[in-house]
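Given the sequences, and given the hints that come with them, work out the whole structure.
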Amino acid sequence: MGNMLSAILSQPEDGSAPPLLSRIVAFTTVLLLISVLFWFAFNQLQYGWNWGAVWQYRQKFLQGWLTTLLISAAALCLSLLISVFFALARRSRLLPLRYLSLLYIEVVRGTPLLVQILVFFYVVADAVGVSNRYAVGILTLALFAGAYLSEIIRAGIESIGESQLESAAAIGLTRLQTYRFVIFPQVVRRILPPLTGQFASLIKDSSLLSIIAVSEFTLNAQEVNAFTFSTLESYLPLAVGYLLLTLPISLFSRYLEQKYRYAT
Amino acid sequence: MQLSFKNLMKSYGSRRVLNDITIDLPDTRAMAVIGPSGGGKTTLLRTIAGLERPDCGQLSIDGELLQFDDASLLLHRRSIGTVFQAFNLFPHLTALENILLPLEQAHGYRHPEAMEAAESILKRFQLEGHADKKPAQLSGGQQQRIAIARAIAIKPRFLLFDEPTSALDPEMTSEVLDIIGELRDEGRDLLLVTHHMGFARTAADYCLFVADGRIVENGPAEQLFAEPKSKELRQFLGRVMRY
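Protein sequence lines correspond, in order, to chains A and B.
So the first sequence is residues 0 to 263, counted in numbering that gives the first Met the number 0.
So the second sequence is residues 0 to 242, counted in numbering that gives the first Met the number 0.
Read the hints as simulated data drawn from the structure, not as lab findings.
Quick caveat, the model's predicted, so the values are computed rather than measured.
Beta carbons are placed, not taken as given, at the ideal position from N, Cα and C, and that holds for glycine.
Warning: the hint list may mix true and false statements.
Which residues of chain A face chain B? A partial, calculated answer using Cβ under 10 Å [claimed, not checked]: (1) 163; (2) 165; (3) 174; (4) 181.
Written out as structure tokens, the structure is:
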């Protein structure tokens with residue numbers, strides 16, 4: 000038992016990757032096992048599959064998927080800007096900025112996204128006269144993800160040792176130059192894994208915008224289900240569609256991690 | 000380099016690390032600062048480096064009063080070279096890039112000029128083969144030599160060394176002390192906080208003994224070691240010379 004555990008937890012000492020062939024064999028085995036499990040489960044199901052009914056609505060799926068892609072991409076860029084601002088504000092010398100950042104992070108992380116969407120759309124956006132549900136959706140999503148991202152970024156900044164900041168000061172860099180040349184390049188490398196995890200969450204969280212009738216992927220799948228009564232046929236493509244968005248992000252992050260690898 | 004302190008004080012919380020230092024030191028080339036750990040040596044060096052603001056008091060370097068506002072401190076730090084105990088190279092940059100960064104960003108060198116300056120210094124220190132390595136791929140002694148190269152590349156008014164060899168094994172220590180000795184022979188002004196009494200005695204022409212936040216004794220290095228006057232210094236030398 001102890002041996003098995005240590006075999007699971009141990010890594011090759013030289014840090015080298017196992018040979019290609021064993022990697023392929025191991026991966027196929029795992030994939031096969033999981034497929035068999037699901038194949039068995041679906042086989043037990045007494046279900047009259049009707050893919051034909053859903054196929055008629057393929058255009059609707061595609062449209063929803065593209066909408067989700069665009070909304071997510073816009074929210075992602077916006078959330079990055081928001082999160083960098085609040086991460087820096089959190090460390091600012093100006094107390095009001097620091098408290099604003101603290102309040103924003105705690106409120107947004109502590110309340111359900113569903114409530115935030117409703118409040119933003121029906122109360123805040125209404126009050127300032129914005130009626131475009133897509134704009135409100137993107138903004139809400141960006142603010143939501145921004146709170147999590149800013150904490151990731153702040154943790155990254157704080158992980159840069161005091162001695163490096165001292166060194167930056169000693170060679171005569173300004174505060175701004177220290178961030179640009181010393182802190183951010185290292186922070187980006189360190190926070191890539193949690194950052195991409197957060198991006199994947201953002202894409203999936205965009206499904207909640209369906210409650211303010213943003214015609215994205217999930218809402219369209221729900222509608223197809225309502226028209227055809229083919230529940231699984233409507234929702235399984237949904238899962239595949241989201242994977243198509245999140246997997247490339249994960250792979251890209253792996254690639255960047257490899258590229259910027261250096262020992263500390 | 001000529002240093003004058005007037006009522007210099009610094010506390011961390013309730014602990015007083017610089018305790019009302021007032022002294023006019025003679026103009027010296029190579030000055031060593033010795034003393035027990037926690038006595039205030041490093042804080043004194045960091046104040047001279049412009050990395051630490053005293054709670055009160057004044058510090059003049061070569062007759063010039065140091066101002067402690069952000070802008071003046073930045074200019075001051077750009078004019079000197081500081082080398083730390085833990086090397087403090089940037090781990091995401093290569094050895095060459097570590098030297099280029101201050102030249103290009105803090106001193107306005109164009110890239111070709113900066114390259115020329117950095118490469119000639121690397122060559123001088125026989126480090127040109129390591130230019131493209133990251134700090135983690137270099138030995139402690141090599142890292143510290145890169146840090147010294149970075150400090151002198153900017154043509155500083157003087158150099159400050161904060162226990163530059165205390166993180167190194169004996170062989171690497173001599174490698175680094177050799178370079179510091181060479182820089183002194185070139186006539187560069189330097190101030191060195193060190194635990195190497197032998198090096199302080201031979202390489203420095205002036206020596207400060209700092210303990211309990213005060214400069215307890217000062218004088219030409221040879222004289223300070225040969226005839227210590229204060230009880231504190233006699234006890235200190237007795238302790239560190241025992242082995």
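Structure-based check of each hint:
1. 163: 6 Å, holds
2. 165: The hint holds - residue 165 (chain A) has a Cβ within 10 Å of chain B, the shortest such distance being about 6 Å.
3. 174: 9 Å, holds
4. 181: Result: holds, 6 Å to nearest chain B Cβ.
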